[in-house]
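Model the full structure from these sequences, guided by the hints.
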Amino acid sequence: MQYLIHTINIKNLILNYEGIPFQNYLINEIKRLNYKINTLGYLHCAPWPIQLDLIYKKQSLDRLIVSGYQQKYVLKKYLGWSKKKVNIIPSLRFKKEKKKEFNGFIFVPFNL
Numbered sequence: 333m334q335y336l337i338h339t340i341n342i343k344n345l346i347l348n349y350e351g352i353p354f355q356n357y358l359i360n361e362i363k364r365l366n367y368k369i370n371t372l373g374y375l376h377c378a379p380w381p382i383q384l385d386l387i388y389k390k391q392s393l394d395r396l397i398v399s400g401y402q403q404k405y406v407l408k409k410y411l412g413w414s415k416k417k418v419n420i421i422p423s424l425r426f427k428k429e430k431k432k433e434f435n436g437f438i439f440v441p442f443n444l
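Heads up, the numbering used here is the position in the sequence shown plus 332, with the first residue counted as 1.
Because the hints were derived from the structure by calculation, they are not lab data.
Incorrect hints may have been included.
[What the hints assert, rightly or not] Quick list of in silico lysine to any residue cross-link-like pairs, SDA-like style, CA-CA up to 25 Å:
| hint | residue 1 | residue 2 |
| --- | --- | --- |
| 1 | Lys404 | Asn344 |
| 2 | Lys389 | Asn370 |
| 3 | Lys363 | Lys417 |
| 4 | Lys389 | Val406 |
| 5 | Lys417 | Gly436 |
| 6 | Lys389 | Lys409 |
| 7 | Lys415 | Tyr388 |
| 8 | Lys415 | Asn341 |
| 9 | Lys415 | Ile397 |
| 10 | Lys416 | Ile340 |
| 11 | Lys408 | Trp380 |
| 12 | Lys417 | Ile362 |
| 13 | Lys417 | Asn366 |
| 14 | Lys343 | Tyr357 |
| 15 | Lys368 | Tyr388 |
| 16 | Lys343 | Ile369 |
| 17 | Lys416 | Asn356 |
| 18 | Lys416 | Tyr388 |
| 19 | Lys417 | Glu350 |
| 20 | Lys390 | Ile362 |
| 21 | Lys389 | Asn360 |
| 22 | Lys404 | Asn419 |
| 23 | Lys415 | Ile340 |
| 24 | Lys368 | Phe354 |
| 25 | Lys389 | Phe354 |
| 26 | Lys417 | Arg395 |
| 27 | Lys389 | Lys417 |
| 28 | Lys416 | Gly400 |
| 29 | Lys343 | Ile420 |
| 30 | Lys416 | Trp380 |
| 31 | Lys415 | Gly351 |
| 32 | Lys363 | Asp394 |
Following this line, the structure appears as structure tokens:
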């Protein structure tokens, strides 16, 4: 990995971030090899109960992107993230469309 980091001029590391150990290890190793590489993560999933994997660590990401104010609030208030390190953008998974009328429809589960 060290050879790859030094031979290719890498400026940014962007990844879907879930705070799992191998991601933290990757971030720490990249920062150890070249502290100038900007690390950016996107939290693509909805918040789950007890998000202990997302507790802010000393060598965490430079910036974390989330798609909701609630995610930023929980990360900031309970998990130790700085408000400067967490940014909110519109969801990359769902498109916002005009509100549709759902009167007269019955929604059923995929499997009954």
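For the pair supplied as a hint, Lys417 and Gly436, is the alpha-carbon distance within the 25 Å limit? violated, 45 Å
Can you confirm whether the C-alpha distance between Lys417 and Glu350 stays at or below 25 Å? holds, 15 Å
25 Å limit on alpha-carbon distance, applied to hinted pair Lys416 and Tyr388: holds, 13 Å
Assess, step by step, whether the Cα of Lys343 is no farther than 25 Å from the Cα of Ile420, and give holds or violated. holds, 22 Å
Decide if the proposed pair is consistent with the structure: Lys417 and Asn366, CA atoms, cutoff 25 Å inclusive. holds, 20 Å
Could you grab the alpha-carbon distance between Lys343 and Ile369 and see if it respects the 25 Å cut-off? At roughly 5 Å apart (the allowed maximum being 25 Å), Ile369 and Lys343 satisfy the hint.
Has the given pair, Lys416 with Trp380, been kept, meaning a C-alpha gap of at most 25 Å? The given pair, whose Cα atoms are some 23 Å apart, holds under the 25 Å limit.
Below or equal to 25 Å on CA atoms is what counts here, so check Lys389 against Asn360. holds, 10 Å
Restraint status (C-alpha distance of Lys415 to Tyr388 at most 25 Å): Status holds; Cα separation ~12 Å.
Hint check: Lys404 vs Asn419, CA-CA at most 25 Å. Holds or violated? holds, 8 Å
Is the hinted pair Lys389 and Phe354 satisfied, with a Cα-Cα distance of at most 25 Å? holds, 14 Å
Regarding the pair Lys389 and Val406, is the alpha-carbon distance no greater than 25 Å? The given pair, whose Cα atoms are some 15 Å apart, holds under the 25 Å limit.
The earlier numbered hints that this structure contradicts are 5, 8, 10 and 23.
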